[in-house]
Structures are given as structure tokens and as C-alpha cells.
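Line by line, the protein sequences are chains F and X.
According to my numbering, the first sequence holds residues 6 to 269 in order.
According to my numbering, the second sequence holds residues 209 to 467 in order.
Source of the hints: derived by calculation from the structure; they are not laboratory data.
Note that the structure is a prediction, hence the values are computed from the model and not measured.
Backbone N, C-alpha and C define an ideal beta-carbon position, used for all residues, glycine too.
Just so you know, not all the hints are guaranteed correct.
Said to hold, decoys possible - Simulated coverage check for chain X against chain F, where a stretch passes if three residues somewhere in it have a Cβ under 8 Å from a Cβ of chain F:
no., region
1, 285-293
2, 315-326
3, 392-406
4, 420-433
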Amino acid sequence: MKRAARVAKAVLPKLLYAVALIALWHGAIVAFGVKEFVVPSPLAVFEALFSPAKAAQYAWSTHILTTLGEILVSFVFTAVFGFALSVLICWSSIARSIAMPIIAVLNSLPKIALAPLFLIWLGYGFAANVTIAILVAFFPVVLNTTTGLDAVDEDLLDLVRYLHASKLQVFLKIRIPMSLPYVLSGLKISATLSVVGAIVGEFVASSEGLGFLIKDSQAMMNTPPMFASLILISAIGLGLFASIAVVERVFMPWNRAAEAGSAR
Amino acid sequence: MNLATLAPRLKTPAVIVALLAIWQAAVVLLKVPEFILPSPLSALEHLFLPQPDANYNWGVHIRATLLEIGIAFVVTSVVGIAIAIGLAWSDAVRRLSMPLFVFVNSLPIIAIAPIILLWSGYGLATNILIAFLVSFFPVVINTLAGLSAIDDDLLDLVNYLHATKMQVFVKLRIPNSLPYIFTGLKICSTMCVVGAIVGEFIASDKGLGYIIINSQYTMDSPPIYAGLMLVSLFGVSLFALVGLAERILMPWARKGVEA
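Next up, chain X with everything else stripped away, as it sits in the complex (with noise of 0.2 Å):
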């Protein structure tokens, strides 16, 4: 790897210290208050050294934030993959779904959250829960569309070879809806981490987003970005974890773009 395919890549994480660089600066010099924006070292600090407030136990919630992401994640990607096969097993089926799926998602899904709220009470579950509602409908519909632009000519192909409809679904039309698969599932790594963080804003006494909403209670800032930083740690950490799935299972779509 040579520096001129090496710069593009370094680009993103250049952006990101360059933001956290003036963002301290502008702190240090405006002498903002602290309960106003915190500087990012003063931030990470809270994260590191040891608390004398027992309230913040990142280890707990760290621990709590991350299963919820990984365990929505993981069934969202299985139950929505596989209820798309199913529905595109039959065309007619395909056809009536599709829509409704459309319509669904344009629905904003997560004001739900407060009646999951009442139907599953607090915690994991819960915020499992929401987080699956919330991601749910943009795998299906990506896997449904993918399933479904297949060229003509191929399929007309394999008919002529009688292949049998298992043998179109396994050699032909899920290999071919892997790039649409891949799309939902990097929508689907961001929708999780929103829908887990806004059920633990709205309920729970775990995890990230309890700490940033209870120190957003007492203007307590630092743990706030402390808390946002390691949350957009996941979120991004877990699209990059899909972009490689997708380098590894496509390599013939190298050279594709980027979402």
C-alpha cells in the first residue's frame, strides 16, 4: 500500500482530529464555560480517570449500550434478510409487500418507542426492541429490491436450463442483491445505534444515553460528550465492520462506490 491510495483513507480521521483540534482551541481560548461546551480533553479525562462519583460507571454502560446495538444489529440483519427471501419467494407476494414496506418506513417509526415503552417496561428488551423497529423496514426493503432487479436474460437463461426456483434464489438472486443487502445493512448499523440511544433516553437506567439525558438533568457536560463520542464510536466503528463484510464477500465490487 503506497501513500497515494493511503491519503484518501487518511482523510476521514484527519477531518475528525482537525475538528476535535479548533473544538479544544476555541475552549481554551473563548474560556467557554464548561457546563456550556466542554473541551474535548476534559471530556476524554472524565472517560479515563478514575470517577469519584460512583454515577458514572462507564464499564456498565458501555457494556449495556453495546449488547443492545450488537443483539439489534444481529437480528435485524437475520429476520429482515430472511423475511425478505421469504416474501420475494413468491412474486405476487413481493409485489403486494413492497409497498406497504415503502409506506412504513416513511412512517417516523420511533415515535412507537413510549407505547414499547408501556408494553415491555424498562430496559434491555425494550431498547432491543426499538432499535429492531427502527431498522428493520430499510433491510427489507434494500434486500426486496436487490432479490428483485435481476437481469431478464439471465433468469430467462436458467429457465431454459431448468434450474429450479431454490437454484435461481441460491446461484442467482441472492449473490446478485448482496450490493442492495449491503446498503441496508450500513442503514441499518446507524438506525440501530439511534433506536438504542432514544429508548434509553426514554427509558432506562443503563447506558449511554441514560448518562448523557441524567447529566443533561444536572448540566453536568463533560460526560455528555464523553458519552456522544463513544456512542458515535459505535455507530461508526459498526459501518466500517459492514463495509468490510461487504470487501470480503463482494470482491468483485472493489471498485464500487462507497454509500
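For reference, chain F alone in the conformation it holds in the complex (with noise of 0.2 Å):
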């Protein structure tokens, strides 16, 4: 029961918050008599997503999972080879050597602009999304990580030295536990990248995908499908947000008061 109270307390504000928003959208709309192509009223959008007949016109059930499916894909990649990645580079300085220059420079560059690429090698669709999406959220969840597995206290390694602790030791019971802050900020940096690159390879090239969807809506002023679409992206996006910081509750149980936000 204490519970329940505590995330309604924690709900409570934040859902106000919202109807308040699309009460000040809506009466914005009447007030000032804006044409549904520049702005669409709130009414409409709703309508866009939830009648029958506009849901079969925009064919909602595809465009979200193949935007959801994209999304997935490449943060599930992230993750996994990012942090393989990261270990073995921890692991081998020979690794280190090779790799951390090349990631330094690619990371720097403005990589979405290679979407074009990815649609001469891998054709329209899917793969080239899911591919521009890595492209763009790999390389600060490496770059994280990687410092993560570095910042282990001196002394605490000097000690598991002393009572010959393996290499692997060293890696499962401290590098690792130790890298999580920075690996859970790392992917919610990613978490948000990998959904900027599914879209923007979407705009590129596709035909389906909620990315698609704003384009194709946006050629016709057809503005009430580009705002839903939007709000569903946007629900996308912080729903993988949320679920990492759900992981992070999870697995660092002693980190809840400290709450480890990064400013990117």
C-alpha cells in the first residue's frame, strides 16, 4: 500500500504535468485559430492514432513495429559488442593499442552523414537502418566503458595482486561490478542514439517506419500522422530509457541514492 503511494506521488505531478501541456496545446489551437498544417490539435493527433479507419490508413501496428524492431536490434548489438568490446580492450594492450585511436577518431565525426552509404551497400529497409543506428550509438557506450573498467582504484588491485587473484578474477568480481555507473550511462546515451539513428535512416530510405511515416505525412501536410508518430517515438525512446535505469536498480542495488545522470 506504501508503495502504491509512493508511485502515485511519483506519477501523480508528471501526468498532471502532461494534461496540463496538451490542455495549454489544444487551447492554443482554438485561441489562435492555427491551421491543422501548421499545427494539428491535440484532438486530431488522438484521432490520427486510435480511429479505426485512420489506424488502417496509417497502418500503425507495421510502421511501429518496424521503427520498435530497428530500435531493438541495434541497442541490443550496442550493448552486447560494445561491452565485448570494452573488455577486450581493458583486457589486451596489444587490443588497446589498435583499437582506441580508431574509435577516437570515428567517434568524432558526424557519422549520420554516412546513412547515404549504408543505403548503396545494404539496399533500402531494415538492415540499413539497424546498421546507421549502430554506426551512431556504438561508440559512446565503448568509449564509456572503456573508461569505466579503467577507473578501478589502485589499491584495490594492488591487493587482489597480493593474494594472487587471477586475471579473470579481477575482471568478474572488481573491473566489472566497478564499470557499471559508467556502462549504464553509456547505453542510456546510446538508448537515445540508436532511436535519433533508426530515424534518420528512416528519412533516408525506407518504406515503412515511423521515420518513413513523418516523411511521407510531411510530402502531403498531412500533420496530425507526423505529431503521433513523433509521440510514439518519443515513447519508444523513453521507454528504453526507462528500462535501463530499471536495470540499473537492478543490478546496483547499492547505487540508488546516488543517481548517476551524465549530462549528455
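Two chains, two separate frames, one set of hints: put the complex together.
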């Protein structure tokens, strides 16, 4: 019961805030007589999302599933391979000296500009968009995780060395657990970036997905599905972000008080 | 400057040169068809040789993209820092606005690009606006974080000395926030390039993003790579300029961490 009350206390103000914003939006549209091709009213957006006729016209489920699939595949790939590469970099100094300069250079490039290349290589559709999203989201995870694996108390390392810990033990019991805050803040950055990558990929080349729907509706000045897609995209992004926060609470119970927020 | 201090700085250029060399060698040795992957030399050639095809008037496109990135970066920095200082003026406003900015920053803002296009039509202003929206929030968040990350003892001291609020900001909070502001500006420098290029992908008849997307339609790959090289060069140069400004304005932090 107490828990429910706490949740309610945390959620209620945000809910009220959202309702107030929507009311403000609707009020502004009515008060200023804004045309629908400029900004649609919340009701029009709602209708575009939920009325059966419109829902069939825009094929929401296809577009949502496509975009969600792209985002999830690219995010999981980024998380798994980004983490593995970081462990490799931290494990072997040869891997580090080969990989780190390349990663630093690639990270500083505007990778999203590469999107049209993947179209040429992979053609329209799912694979190209997943690749673009991975490329955009991959490096922050690697850089953050490597920083975390390196940021270990030297005294602790000396201690376990004295206790004849194997390299594997050092990684499993010290480096990896200690790197978790860094890993998770890297994952939060890459959660947003993989959404960005997937959407831009769909802008550039796709015949499916919410990014495609936005661009397609823009060509016809049909704003309600554009705004509806934006809301859905934001919801997907926030959902991913929130699930990482849940993982954070589960895996790092000792860190509940300290909110490891990164300004990025 | 001796060799020992020079060596680490040469590392990045050396890596870039090495990567380009590997790329060139791979294309030549493996005989990769040009439409899949042109060699870096043929991409550069496309940039410097007089073009038979007037479609690629590089000067015009480079100017358009540079202008977009430059204006977007300056406007975002000035407006972002000014708004952050205004919000931080009152503690209550800062505490209320910070979560909102962090929230908006976690959204994929670039997705609204087509809506901006709908509102302001094709062209320079649209792309600048997209670049602004994409890079604005990191600047505000970092500046706000810097303005509030101040030693309480210092605040107590200047309060005891009857410092005005203006003095606290000018002498304490703003100088103290410089490292955070520069981190924000570095993110902003990358995001401005991203915003401008995505804007040009979606809506433009000018600029390097336009060349890249247009050449993709025609499978003419050397201009894509030439465009990519230029875009990367702009991004890295802007980043380096911010780094330079940081070194000049914060000489006390030379030994600080590189972002």
C-alpha cells in the first residue's frame, strides 16, 4: 500500500503536467485559430492514432513494429558488442593500442552523414537502418565502458594482486562490477542515439517505419500522423531509457541514492 | 616543444593517414568497383579537378553547409548560455527547469526535422533551425550544471562579504562553470554538424548533405565520399576550435582531462 502511494506520488505530478501541456496545446490552437497543416490539435492527433479508420490508413502496427525492431536490434547489438569490445580493449594492451585511436577518430565524426552509404551497400530497409543506428550509438558505449573498466582503485588492484587473483577474477569481481555506473550511463546515451539513428535512416531510405511515416506525411502536409509518430517515437525512446534505469536499480542496488546522471 | 610532447598529438593524424592508406590499398588490391567503394584518392580527385559536370559546384555547397554550421553554432552557444544563466539566476527556476531540459534532451529531437521543414520551407533557415534544436539542450544542461556546481563554502564566504548577486555570478559562478560550458560547446559543435547535414538530407537543394544524398540516388559514389570527408573535416575543426578557445580562456586547466 505504501509502495503504491509512493509510486502515485512520483507519477501523479508528471501526469498532471502532461495533461496541462495537452490542454495548453489545445487551447492555443483554438484561441489562435491555428490551421491543421501548421499544427494539428491534440484531438486530431488522438484520432489519427486511435480511430479505426485512420489507424488502418496509417498502418500503425506495421510502422511501430518496424521502428521498434530496428531500435531494439541495434540497441542490443550495441550493448553486447560494445561491452565485449571494451572488455577486450581493457584486457589486452595490444587490442587497446590498435582499437582506441580508431575509435577516438570515428567517434568524432558526424556518423549520421554516412547513412546514404549504407543504402548503397545494403539497399532500402531494415538492415540499412539497423546498421546506421548501430554506427551512431556504438561508440559512446565503448568509450564509457572502457573508462569505467579503467577507473578502478589502484589500492584494490594491489590488494587482489597480493592475494594472487587471476586476471579473470580481477575482471569478474572488480573491474566489471565497478564499471557498471559508466556502462549504464553509456547505454542511456546510446538508447537515445539508436532511436535517432533508426529514425534518420528511415528518413533517408525506407518504405516502412515511423520515420518514413513522418516524412511521407510531410510531403502531403498531413500533420496529425506526423505529430502522432513523434509522440510514439518519444515514447519508444523513453521506454528504452526507463528500462535501463530499471536495470540500473536491479544490478546496482548499492547505487540507489546516487543518481548517476550524465549531462550528455 | 620537444618530440615527447609532440608524439601524442600526432597520434590522431597518424591514425587517419594510416586508415586512408589501408582504404586506398584495399580498393586497389581487391579491385573494388567504384560504385561500392571508391578509393580515397578518386574521391579527393573529384573535389579538386575541374568538373565536367556542373552539378557539383563544390564552392556553393561548401559555403552553404559552412554557413549553416557556423550560424547554428554561434546562435546556439550564445542563446543557450544566456538562457542557462537566466534560468540559474533564480534557484527555484533552475530546479524546476533542469529536469525538463534533461527530459527533452533524452528525446530524439531530430525526428521533428520534417515538421520544421513544413513550417519554414526549404533552405538555409530550416537547416539552421534544425541544427539549433538538436544542439541547444546539451549547451543549456551543461551550463546549468556548471552554474550550480559550486563550492558551498565559497558561497558562504562571499555572502559574508556582502557580495551582490551580480558579483556572485560574474566572479564566481560563471568562471566556475567554464569547464562545463566548454563540454557543452564541444557536444554542440558535433551536434550542429549532424543537424545541418540531416536537414540537408531531408530538405535542401544546396550543401554537402544535399550532394551526399543526391549522389546516392545516382549511385555516383566518389562525391559522397568527398562530401563525407569535408563534413568530417568541418566537424573536427569546429571541435578543435572549441578546444583552442578552452585552452585560451582557461589557462589554469591545461592539465585537465580531454573530453
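Here's how the hints hold up against the structure:
no., hint, result
1, 285-293, "violated (count 0)"
2, 315-326, "holds (count 10)"
3, 392-406, "holds (count 7)"
4, 420-433, "holds (count 7)"
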